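As they're listed, the protein sequences go chains L and Z. Residues in the first sequence are numbered from 0 upward in steps of one, following numbering that gives the first Met the number 0. Residues in the second sequence are numbered from 0 upward in steps of one, following numbering that gives the first Met the number 0.
No lab work stands behind these hints, which were simulated from the structure alone. Be a bit skeptical, because a hint or two may be false.
To be verified - Partner residues are not named here, just some residues of chain Z that face chain L (Cβ under 8 Å, in silico):
(1) F22
(2) E31
(3) D32
(4) R51
(5) Q126
(6) F136
(7) E185
(8) H186
(9) G228
As the list claims (entries may be wrong) - Straight-line Cα separation of at most 35 Å, DSBU-like style, residue types lysine-lysine; simulated pairs:
(10) K54(L) x K78(L)
(11) K231(Z) x K78(L)
(12) K180(L) x K25(L)
(13) K25(L) x K191(L)
(14) K231(Z) x K180(L)
(15) K171(L) x K231(Z)
(16) K165(L) x K78(L)
(17) K231(Z) x K25(L)
(18) K231(Z) x K54(L)
(19) K180(L) x K211(L)
(20) K165(L) x K191(L)
(21) K191(L) x K180(L)
(22) K165(L) x K25(L)
(23) K151(L) x K180(L)
(24) K171(L) x K211(L)
(25) K211(L) x K191(L)
(26) K211(L) x K231(Z)
(27) K151(L) x K54(L)
(28) K78(L) x K211(L)
(29) K231(Z) x K165(L)
(30) K165(L) x K180(L)
All of these numbers come straight from a predicted model, not from anything done at the bench. Backbone N, C-alpha and C fix where the C-beta goes; we use that ideal spot for every residue, glycine too.
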Amino acid sequence: MKRLLALAGLALALSAQAQDVPALLKAADRYRMSSDNLQVDTLISVFNSDGSPDKERRYTVFAQAGHRSLVLMQSPAEKGQKVLMLGDDFWLLMPNSQRPLRITPMQKLLGDASTGDIATLSWADDYGGRVVGEERCGDAPCLHLSLSANRKGVTYQRIELWLGTKQHEPVKAELYVQSDKLAKQAGFVLDKPAAPTEVNEMVLRDQLSNHKETRVRYVSRQPRSVPEAWLNPMFLARNPALD
Amino acid sequence: MRSLIVIAGLWGLAGSAMADDEFGGQARARWEDVQGTAPPSAATLDTELHGRWRALSGNLVFTQQRPEGGAWRSDARVNELYASGDALGWQWSAGRKIVAWDVGYGFRPNDVVQQEQRRTLLPATPQGRAVVQAEHFDAQTAWTLMWVNPQRRGDPGTGGDEEALAARAYRHVGAADWHAFARAGEHTRGSLGLATSWVATDSLELHASARRAGAIDVTQALAGSTWTGENKLSLTAEAWFDGSAAPVPLRRNVYLRAAWDHEGWQPVVDLLLTPADRGRIATAALGWQGDRWRFDAGVRWVGGPDEAVIAHSPTRRIVYFAATWPF
């Protein structure tokens, strides 16, 4: 009888945890996406597998409500390139061309730090799943969540995510592509480990091909709603001033 | 003298814009070894500047070239210089401007304002057309109305050089982009066109474009597809019909391209075929993108059986190398 009661209790606890997944993801999102509409300046540093520096890139991301993002490449090697993401629809705009190129979700993955890694700052709207259980992340206890994408245009179809048990800050993640291969392992560096308020840096370790490490540093975040026309690929093809 | 004043003005524009971080450009050194009768082998240094200051935008290229056995010579070209602004809910532009509308890679029948060079060995900025343009945008649609070459009113220019009115309507509908085009030229008269680009799956994009000019009885059409895999391999295939091509065997074309993106290296091979006479142009190239520098090298072969039109082009083979430094 005791065993039966314990099993029933465990089932109830797991059910409660499953219902909490959207709330947990919303709480975790707050550490990267502090507002529905945001301008984020990002510095990407790529390191070779032996730890030597490979390259640096700067990006400005306008992350807007409704799965809409505009990424502006700011480094000299890429200056003038833009990637527009409206839900599952993506365009690449090259400098000195008035021709927006419609690209597939797979083309979005090209490059060391994919634009999906840079522009995606939230999980709650795109993923659902279950709480696997409580685990240790180094010295601290973590909640392990197993997430599946609920729309096709996201960069990663499956994510194994570990959150802090008390404040639900993101700790680490495993990112799986469409074919269910592990593409990257992610670690999150927080501003104040004891009482975190935001993610300062995301560290991505490639597991698919080159085993490089990409550090995505969020240099600044500020609330910013951009005009509707900025999210029209034909407007962006005019190469307008976006500041 | 007039071009010198324009160039000096653009330099001033670039200098002023530098303070606002709206100035940039690139320097590219390239060397081409040509087998055939033209163009000559040459070493070339291109310096491209682009800038924006208030309502003015510009793009300028300085070229210094030394043909094999010859002396260095210099040239400057204004690719773009135009003013733009908002009024009455529309965006207005006037001046020399690059206009590219169509969706294809190897052939673009609906680039009805200007046709840029396609399948170039290295990316090149085309020279824009003189235009007066009005555009309107909302979340899903865009409208463009354009008066092309207004300064050539009454001139006997033809094709892209004639005075013309052109219009484009664009709508984004889910996974597809739709474009409709209309153009009325002073001499070539009216033409209508349609184009689409559709992301069919996570890996596959399909595109098509067609244009009909009834008065001169010309039809042009293209269909193509690009597939990209998780391994960063991209394959492109296109087929097109160009009713305006003068030698009949050049009207039907097939284009195939494979590119791979790996660790900053980008090997590319492509092949253009004219099935009617088995003419072919094949290219193999390798690019490397560093933190700032980019290097490109490759070779293009032009050939086919004796009866192929392409086989009689003045260029038989080009080997090239280029180093590009953006700033």
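Consistency of the hints with the structure:
no. : hint              : result
1   : F22               : violated (10 Å)
2   : E31               : violated (21 Å)
3   : D32               : violated (27 Å)
4   : R51               : holds (6 Å)
5   : Q126              : violated (11 Å)
6   : F136              : holds (4 Å)
7   : E185              : violated (24 Å)
8   : H186              : violated (25 Å)
9   : G228              : holds (7 Å)
10  : K54(L) x K78(L)   : holds (15 Å)
11  : K231(Z) x K78(L)  : holds (22 Å)
12  : K180(L) x K25(L)  : holds (26 Å)
13  : K25(L) x K191(L)  : holds (20 Å)
14  : K231(Z) x K180(L) : holds (14 Å)
15  : K171(L) x K231(Z) : holds (26 Å)
16  : K165(L) x K78(L)  : violated (42 Å)
17  : K231(Z) x K25(L)  : holds (33 Å)
18  : K231(Z) x K54(L)  : holds (19 Å)
19  : K180(L) x K211(L) : holds (17 Å)
20  : K165(L) x K191(L) : holds (14 Å)
21  : K191(L) x K180(L) : holds (33 Å)
22  : K165(L) x K25(L)  : holds (14 Å)
23  : K151(L) x K180(L) : holds (16 Å)
24  : K171(L) x K211(L) : holds (17 Å)
25  : K211(L) x K191(L) : holds (27 Å)
26  : K211(L) x K231(Z) : holds (16 Å)
27  : K151(L) x K54(L)  : holds (30 Å)
28  : K78(L) x K211(L)  : holds (23 Å)
29  : K231(Z) x K165(L) : violated (40 Å)
30  : K165(L) x K180(L) : holds (31 Å)
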